[in-house]
Amino acid sequence: MSNIDDKNVLLDVKNLNVEFKLKNGTVRAVDNISFQVGKGEFLAIVGESGCGKSVTALSLMRLLPRIADISADHIKFDGVDISKVTESEMRKLRGRRISMIFQEPMTSLNPVLTIGDQLTEPLLTHLEMSEKEANARTIELLGMVGIPEPEKRLTQYPHQFSGGMRQRVMIAIGLACEPDLIIADEPTTALDVTIQAQILELLKDISSRLGVAVIMITHNLGVVAAYADRVNVMYAARIVEQGDANQIFEKPSHPYTIGLLRSVPRMDKPRGGRLATIDGLPPNLMSPPVGCRFKPRCPLAGDACDNVPVLETQHGKEDHLAACFFTDKASKDGSTIYLAETSTHSSAEINKENPLLVVDGLEQYFSVSFRSGWLSNTSGTVKAVDGVSFEVYPGQTVGLVGESGCGKTSVGRAILHLNKATGGKMQFNDVDLNSNSVALVRQDMQVIFQDPFSSLNPRMTIGEILEEPLKVHNIVLDPQEREEKISDLLLKVGLYPYMRERYPHELSGGQRQRVGIARALSMEPKLIICDEPVSALDVSVQAQIINLLEDLQRELGIAYLFIAHDLAVVKHISHKVIVMYLGKIMEFGEGDDLYSNPRHPYTRALMDAAPIPDPQIERNRVKIVLKGELPSPLNPPKGCVFSSRCNFVTDACRAEMPQLQECGNEHQAACIKLDELENA
Amino acid sequence: MSTPTTNTTADQAYTKPARRSVWDFVRQQPLGSIGIIMIVIMMLAAIFAQQVSPYNPEDVDFEASPAFGGGAPSIAHLLGADAFGRDILSRLIHGARTALSIGFLSALFGCSIGAIIGTSSAFFGGKIDLLVQRFIDLMLSFPIIILAIIVIAIFPKTVVAGIDINVIIAIAIPFIPKTARVIRSQALAVVTLPYVDAARANGFSSRRIIFRHILPNVTAPFLIMMTALIGQAILLEASLSYLGLGVVEPTPSWGLMLSGVNADYYRTAPWMIIYPGLAVSIAVFSFNLFGDSLRDWLDPKLKL
Numbered sequence: 001m002s003n004i005d006d007k008n009v010l011l012d013v014k015n016l017n018v019e020f021k022l023k024n025g026t027v028r029a030v031d032n033i034s035f036q037v038g039k040g041e042f043l044a045i046v047g048e049s050g051c052g053k054s055v056t057a058l059s060l061m062r063l064l065p066r067i068a069d070i071s072a073d074h075i076k077f078d079g080v081d082i083s084k085v086t087e088s089e090m091r092k093l094r095g096r097r098i099s100m101i102f103q104e105p106m107t108s109l110n111p112v113l114t115i116g117d118q119l120t121e122p123l124l125t126h127l128e129m130s131e132k133e134a135n136a137r138t139i140e141l142l143g144m145v146g147i148p149e150p151e152k153r154l155t156q157y158p159h160q161f162s163g164g165m166r167q168r169v170m171i172a173i174g175l176a177c178e179p180d181l182i183i184a185d186e187p188t189t190a191l192d193v194t195i196q197a198q199i200l201e202l203l204k205d206i207s208s209r210l211g212v213a214v215i216m217i218t219h220n221l222g223v224v225a226a227y228a229d230r231v232n233v234m235y236a237a238r239i240v241e242q243g244d245a246n247q248i249f250e251k252p253s254h255p256y257t258i259g260l261l262r263s264v265p266r267m268d269k270p271r272g273g274r275l276a277t278i279d280g281l282p283p284n285l286m287s288p289p290v291g292c293r294f295k296p297r298c299p300l301a302g303d304a305c306d307n308v309p310v311l312e313t314q315h316g317k318e319d320h321l322a323a324c325f326f327t328d329k330a331s332k333d334g335s336t337i338y339l340a341e342t343s344t345h346s347s348a349e350i351n352k353e354n355p356l357l358v359v360d361g362l363e364q365y366f367s368v369s370f371r372s373g374w375l376s377n378t379s380g381t382v383k384a385v386d387g388v389s390f391e392v393y394p395g396q397t398v399g400l401v402g403e404s405g406c407g408k409t410s411v412g413r414a415i416l417h418l419n420k421a422t423g424g425k426m427q428f429n430d431v432d433l434n435s436n437s438v439a440l441v442r443q444d445m446q447v448i449f450q451d452p453f454s455s456l457n458p459r460m461t462i463g464e465i466l467e468e469p470l471k472v473h474n475i476v477l478d479p480q481e482r483e484e485k486i487s488d489l490l491l492k493v494g495l496y497p498y499m500r501e502r503y504p505h506e507l508s509g510g511q512r513q514r515v516g517i518a519r520a521l522s523m524e525p526k527l528i529i530c531d532e533p534v535s536a537l538d539v540s541v542q543a544q545i546i547n548l549l550e551d552l553q554r555e556l557g558i559a560y561l562f563i564a565h566d567l568a569v570v571k572h573i574s575h576k577v578i579v580m581y582l583g584k585i586m587e588f589g590e591g592d593d594l595y596s597n598p599r600h601p602y603t604r605a606l607m608d609a610a611p612i613p614d615p616q617i618e619r620n621r622v623k624i625v626l627k628g629e630l631p632s633p634l635n636p637p638k639g640c641v642f643s644s645r646c647n648f649v650t651d652a653c654r655a656e657m658p659q660l661q662e663c664g665n666e667h668q669a670a671c672i673k674l675d676e677l678e679n680a
Numbered sequence: 681m682s683t684p685t686t687n688t689t690a691d692q693a694y695t696k697p698a699r700r701s702v703w704d705f706v707r708q709q710p711l712g713s714i715g716i717i718m719i720v721i722m723m724l725a726a727i728f729a730q731q732v733s734p735y736n737p738e739d740v741d742f743e744a745s746p747a748f749g750g751g752a753p754s755i756a757h758l759l760g761a762d763a764f765g766r767d768i769l770s771r772l773i774h775g776a777r778t779a780l781s782i783g784f785l786s787a788l789f790g791c792s793i794g795a796i797i798g799t800s801s802a803f804f805g806g807k808i809d810l811l812v813q814r815f816i817d818l819m820l821s822f823p824i825i826i827l828a829i830i831v832i833a834i835f836p837k838t839v840v841a842g843i844d845i846n847v848i849i850a851i852a853i854p855f856i857p858k859t860a861r862v863i864r865s866q867a868l869a870v871v872t873l874p875y876v877d878a879a880r881a882n883g884f885s886s887r888r889i890i891f892r893h894i895l896p897n898v899t900a901p902f903l904i905m906m907t908a909l910i911g912q913a914i915l916l917e918a919s920l921s922y923l924g925l926g927v928v929e930p931t932p933s934w935g936l937m938l939s940g941v942n943a944d945y946y947r948t949a950p951w952m953i954i955y956p957g958l959a960v961s962i963a964v965f966s967f968n969l970f971g972d973s974l975r976d977w978l979d980p981k982l983k984l
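For the record, the sequence lines run as chains E and C. Mapping of the first sequence onto our numbering: position 444 corresponds to residue 444, and the numbering continues sequentially without gaps. Here our numbering runs 680 ahead of the position in the second sequence, where the first position is 1.
These aren't lab readings, by the way, just hints derived from the structure by calculation. Even glycine gets a Cβ: it sits at the ideal position worked out from N, Cα and C.
Straight-line Cα separation of at most 30 Å, DSS-like style, residue types lysine-lysine; simulated pairs:
| # | chain 1 | residue 1 | chain 2 | residue 2 |
| --- | --- | --- | --- | --- |
| 1 | C | K981 | E | K23 |
| 2 | E | K92 | E | K132 |
| 3 | E | K420 | C | K807 |
| 4 | E | K383 | C | K807 |
| 5 | E | K425 | C | K807 |
| 6 | E | K638 | E | K627 |
| 7 | E | K492 | C | K981 |
| 8 | E | K638 | E | K383 |
| 9 | E | K627 | E | K383 |
| 10 | E | K132 | E | K152 |
| 11 | C | K981 | E | K21 |
| 12 | E | K471 | E | K420 |
| 13 | E | K485 | C | K981 |
| 14 | E | K204 | E | K14 |
| 15 | E | K492 | E | K295 |
| 16 | E | K76 | E | K14 |
| 17 | C | K981 | E | K471 |
| 18 | E | K39 | E | K623 |
| 19 | E | K425 | E | K352 |
Covered stretches of chain E, as calculated for chain C (at least 3 residues, CB under 8 Å):
| # | stretch |
| --- | --- |
| 20 | 443-456 |
| 21 | 467-474 |
Chain E on its own, in the form it takes in the complex (with noise of 0.2 Å):
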């Protein structure tokens, strides 16, 4: 079945079955799939959540719940059973010869034990070392995956390392007992750009060094691009497509992946067209869909697709297998069995005479105190926003792109008066904004939040979350013309009027977002505020609010402020883009332009840390790898912020914080050197 020699096998999983058994049925999670991984070799599972990824890693490791009931011919690690040997055995290779990295690093190391504790403790469970050894050990890890003076923070606790640094600690443990296999569940979706590109870098760099395997699972197929040597694509339970990553990445043959590749936003290609989506959600696995799987949501369905498809080679390439009746065709019209990536981008000339929102200096200082003694309290100051000044047109989307902590969410708040602005001027539809007039805008400027999980009142219907402002406002009086204001909302984002009985919670991620998108809708508003409304969400669903969002911009001609920080998103939806970095402004200009030709050596390395979905362009890439992380708020570094991260870095840079100056066509740049890098 594929092309790895048999010696070189580290794991070999032939027809993996697991089943959760409920109290209304049975749900098969992962469904007769077979893989194998090499030594040394980097495997990356792709597909959307609920397609059975981590049911998969985790059946493997056997850390499911007791209804979970696993069955396989055979899963071999390293030439033995593991699927029928004891718990206690079992227990031995957990974290000595197979470990696992989890999503969440702020929550995955224990908050009450120091870093060295919890990095020693496999070293003294497992290999029996003593203190000293495993201290010494420890020291060398975190060397190993690049904290910064090791012996220091042996002591710390995980609260005083930063989301990266946690991640980091993280894959120390897990390369502790030098294991032969890492999985690694979504190591880098809750991280920014610039830190997803350090860890993955890491990650690989660990798996070609030390030769170690790694499974990586992610929903992104353009994170593994540069990565992976071989890749799974999982669709409801089922492996649809598995093979070499340069070859699928090439020619992908199966419709699913070739949706999941399309539904990224590139930021190497001129922004245009519709994403393309893949309509739909996965199927329930409860009750999937007879035959294919993917049928209900592919664009190619035929009457073959009644029967279920088996893997078969690709190509003539043994090392690329699809499961489809019309791979063929698949792969021959690639770029066009999503017909939506064909449809023209309407671009309305936006009018530049009277912008709807001016913001003006804004800023949004916040003191923070801490005590530093018995009896004393140091205080400090945390600009979160320093003099952020930028107007938005009707009709017109700005994009605010930056790494966490840049200030970008709470220029967004201080707009919505959330927060309140310690400085600065902000004015709406020629209304000067402040906390007593901020009402009477309220209803032309509204929100849409990240998280479509907490955004909504969980005691709440639909339709009463979308009633409540109508009612409060007065804005539709008469009950029965509320009700079907709200059904026309809930259509106009593409849910069904009878939705309106559900709570919340008995949505998905995506169909949330659109309840958020239309409660913001139902006050007309002329400017909506978008927070991170995609990071939250898979690719597919993803691409679908992006599409919603520019047609509604279409039809009724509303501004957004798109907050975000994935910068293919924001190149895609934004007619303008502003780069932030510790509360100021680093470079904006028209989205195209700004893109084609990065001024500010900030934007460059963000663009740079973005992965590119094709590992030809994604390989050869000259990369600028952006140092370090975020310094401290608290504690920025003297003249230009960017200073201590810059790769340009002079004397000059940190002597005075650099002035946005024209380099372009509306666009500017804060660099002292904007000439000098122009040609570098």
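Given the coordinates of chain E, work out where chain C should sit on it, guided by the hints.
Just chain C now, kept in the frame of chain E:
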């Protein structure tokens, strides 16, 4: 216009949930149903106390007093008799009146005000929160008796339907800071959730946000606090009788039956303590069962 997302199987199978009936509660919450049935029985006994109790609760029968070697549970006195030879069963039945009304009403009153103060304090935050919290510290530091004296000094004695309103106020007031503390901590977590921000961004009034968006999401600790405090209220009521507040002998009350001279007989006549104690326990247990089920029943996530 975008078309609705593809129907999933779950969507097609979805039917509008029917209004849930009392029967659904019984089926889904059997323990809670037992709780509410016991509460109803106690309430009926309290209402029809005259009709169901075998004796007048204040009738003294010295022959049956433990002081004269009698009073043990017998056919004549099913649960025995107290030091004055009064029938304990009759006194329990009549005492249910004060126990249920004062226990339930003061817990409800105290917890509701505490919940509102707690959520408001969490919602407004800053200086308001600080002041409210210090005031609550202050209230917690007063012994209940002192608070009760203040209440008596301020309010004239008001009796409605045989219940002294002052007693309810006096018992409820110390519950306010307790509940406010617990509810505030829960509300602090809710206040930071995006749906509260969304409500603010929609321009809703603070009152609306507190009552419509925060309070319903702190129901769980509210119901737990309330059911736990009902038992305390029943016992507190007895201690207030020292001040001439609340029920005074010879009127029957569960709290009184557990205190004072009756407690001295526990070696020779344990039934005098056991049965009233059991009555308090059963009442508290019933309210707890019912409260827990109500919490699950009201949570849309746990709807079946």
